[in-house]
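2 protein chains.
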Amino acid sequence: MTLNYANRMDNIRASEIRELLKLTQRPEVISFAGGLPAPELFPVEEYKKVTAEVLDKDGTIALQYGPTEGYLPLREQIVKRMAKVHVNVTPDDILITSGSQQGLDFSAKIFINPGDIILCESPSYLGAINAFRAYEPNFLEIDTDDEGMIMEDLEEALANNENVKFIYVIPDFQNPSGRTWSTERRKRLVELANKYNVAIVEDNPYGELRFEGEILPAVKHYDTEGRVIFLGTFSKIFCPGLRVGWVAAEKGVLNKFNLAKQGADLQSSTISQMEIAKFLEMYDIEEHIEKLKVVYKKRRDLMMKAMEEEFPKEVKFTYPKGGLFTWVVLPEHMNAREIAVKALEQNVAFVPGGSFFPNGGHENTFRANYSNMNEERIVEGIKRLGKVLKETMYLKETV
Amino acid sequence: MTLNYANRMDNIRASEIRELLKLTQRPEVISFAGGLPAPELFPVEEYKKVTAEVLDKDGTIALQYGPTEGYLPLREQIVKRMAKVHVNVTPDDILITSGSQQGLDFSAKIFINPGDIILCESPSYLGAINAFRAYEPNFLEIDTDDEGMIMEDLEEALANNENVKFIYVIPDFQNPSGRTWSTERRKRLVELANKYNVAIVEDNPYGELRFEGEILPAVKHYDTEGRVIFLGTFSKIFCPGLRVGWVAAEKGVLNKFNLAKQGADLQSSTISQMEIAKFLEMYDIEEHIEKLKVVYKKRRDLMMKAMEEEFPKEVKFTYPKGGLFTWVVLPEHMNAREIAVKALEQNVAFVPGGSFFPNGGHENTFRANYSNMNEERIVEGIKRLGKVLKETMYLKETV
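These protein sequence lines map, in sequence, to chains S and P. Add 5 to the 1-based position in the first sequence for the working numbering, that's all there is to it. Add 5 to the 1-based position in the second sequence for the working numbering, that's all there is to it.
Bear in mind the hints are in silico, worked out from the structure with no lab data behind them. Treat the hints with care, since some could be wrong.
Since the list can't tell identical chains apart, any single copy or any two copies may satisfy a pair.
Stated by the list, open to error - As a list, the in silico EDC-like pairs of lysine to aspartate or glutamate whose alpha-carbon atoms are at most 20 Å apart:
no., residue 1, residue 2
1, K192, E45
2, K62, E45
3, K192, E230
4, K296, D151
5, K256, E350
Please read these numbers as outputs of a predicted model, since none were measured by experiment.
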């Protein structure tokens, strides 16, 4: 029996990360592969109290269907979170989604006809690329430097392509590069989107996890015409297992997201929404985020130092000022997928970088996560990885 | 500013039920509109214990990312539920989804190119129709009687249309009609799907909520070639607010669903999956389902009796042997949308039937739910509704 699938299924690939995660669940593996928060920092005891409170007070509401747009007290709390990134919205501008991943899927569902163009950073988040692929877009990658997309390249792409539907950006501690856009580029991005009448999808899971300096205004802060769609999530500042994120957008646009949500899964979990709202009411999440930042900063520092000491000097990597990732660039002749196989033999995992480029290439790159492993494992893992890198470079050079 | 949306957005309509639900949240409204379980039967105390147990024992796992396919102990429990409808599967044949609604969305995402045909019962579940519409299918409605689709009509549709991708059916206590397929039709459905090489999407949220007679084997029980995709959910036998459902399908097909899931939202809530698995381990869900059946049966009996007494004799309605709904057919000249407005003035709500027909028409029908209102309100609501119906019929006749 061979069933006939839709054409779009030819484009969708299994996420390399999700597949890797299965391998890396072996406890002996030191994994820099996932984008997993540190589980030892989850507020488990607080969550237990919050759940008991929700069930005692509103048990039958918590277990029942709720509105598609989401639980109002949670949307009110999200308004406060949006203020942290300098965005002024009301609860009516918010739709709750199942993680920000669902916001990515909906963005393409709403805007993309087959053959339409999505402009994205090069590299970009592979989970977004995979979600978008289901709607058969073409990707145009825009080169980036330490301040964000190169604006001349972006304008050229906008000027020369009629069917660009949106620009997808992760301006803060980008996944996978760890880099952050300057405020000038953020402003200019909105100007260009206005000029060429395209939407901007701003994916911001890490903005509040800044270890150095001040939190920057989101791109949406500079939005003058309601064309920036902001995707937020509790996965990185709270817990990912709950699958609660949100979309903040202008009412006309948000209405489309609401329609997509109705069809996709009716609504996100009522009880999870109520629990998070209750947590935000009962506890100080700022304090919790401070704790995360202290630990993640320490791990970043340790990984940076270990990489400097253990990696061959030809290997370059970014210095993230927040978030979860650093991005490693090997000499051009090296292949990170081959290195990944050798590293796994030493029980060390990372994600080869090629998958983060929708149009391929760049096989000499990889992404390394520092939030999920403890200090000892970071040092040991980078040491082993350094050894694999040196051996491979030495082999390549003598062949 | 006017952004350019994808063509598919022209097809998607707001769910009439979801919009109605907002109106019917006023406490004075007697609502037969939603498909909501009785909240007073939710096992709130048990759920509290289950949650505490999960957080005490596996708190950090419960709040962390988990695998896309879902939590293994839950999938093992679902294997047992599938046995209840006479389907023999392994945990590897199961993918956890965010309610069965997500399984509907994925079914169309996986199979439908614009213009492909979905065969469905006439009427069919409007949430499915809306989910499917996003992928721009054409719908062919197949007439049904008290035993399911008319098989001659189904075969004619299959024989005369090349691009049929799947047949969508709700064989048990159908939403909206309340009717149930005979075993003969189930077998014949599979034979025809085999003959014409199409998939079957079997949506089965109510199969275990049978008040009379024995649970029938699911269509998937008769599946000889792995072409039946079974969608199940805990929404109706447990609690809908958790948004946990599943897809059971042959491995090749399930792999496509897994890819769709990765892109759509990575995975369903880890903690909700663990809580349900723990509930199934700690408590007897059969006992819980028995409780539901006693209450729902009583409410159905009461609604049937009240309709017989209060509705004009020209009004026909189905007698459901399980599930949540009865289906009301008014005389041809009457319009249920007009009646709905008048009924709402009397604080009574139902869903006009037209939306359940993807190709329109049948405005003289409506769906009435009996699971969500208590006995007193059912009697009072049907009484008021009977009065509105009589007044409208009388007016129409004298105009």
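Here is how each hint holds up against the structure:
1. In this homomeric assembly, K192 and E45 never come within 20 Å of each other (Cα to Cα): the closest approach is 38 Å inside a single copy and 52 Å across copies.
2. Taking the closest pair of Cα atoms, K62 and E45 come within 20 Å of each other only across two copies (14 Å); inside a single copy the shortest separation is 29 Å, beyond that limit.
3. Taking the shortest Cα distances, K192 and E230 sit within 20 Å of each other inside one copy (13 Å), while across copies they are farther apart (57 Å).
4. In this assembly of identical chains, K296 and D151 lie within 20 Å of each other by CA distance neither inside one copy nor across copies; the values are 27 Å within and 62 Å between.
5. For the identical chains of this complex, K256 and E350 are neighbours neither inside a copy (52 Å) nor across copies (29 Å), given an alpha-carbon limit of 20 Å.
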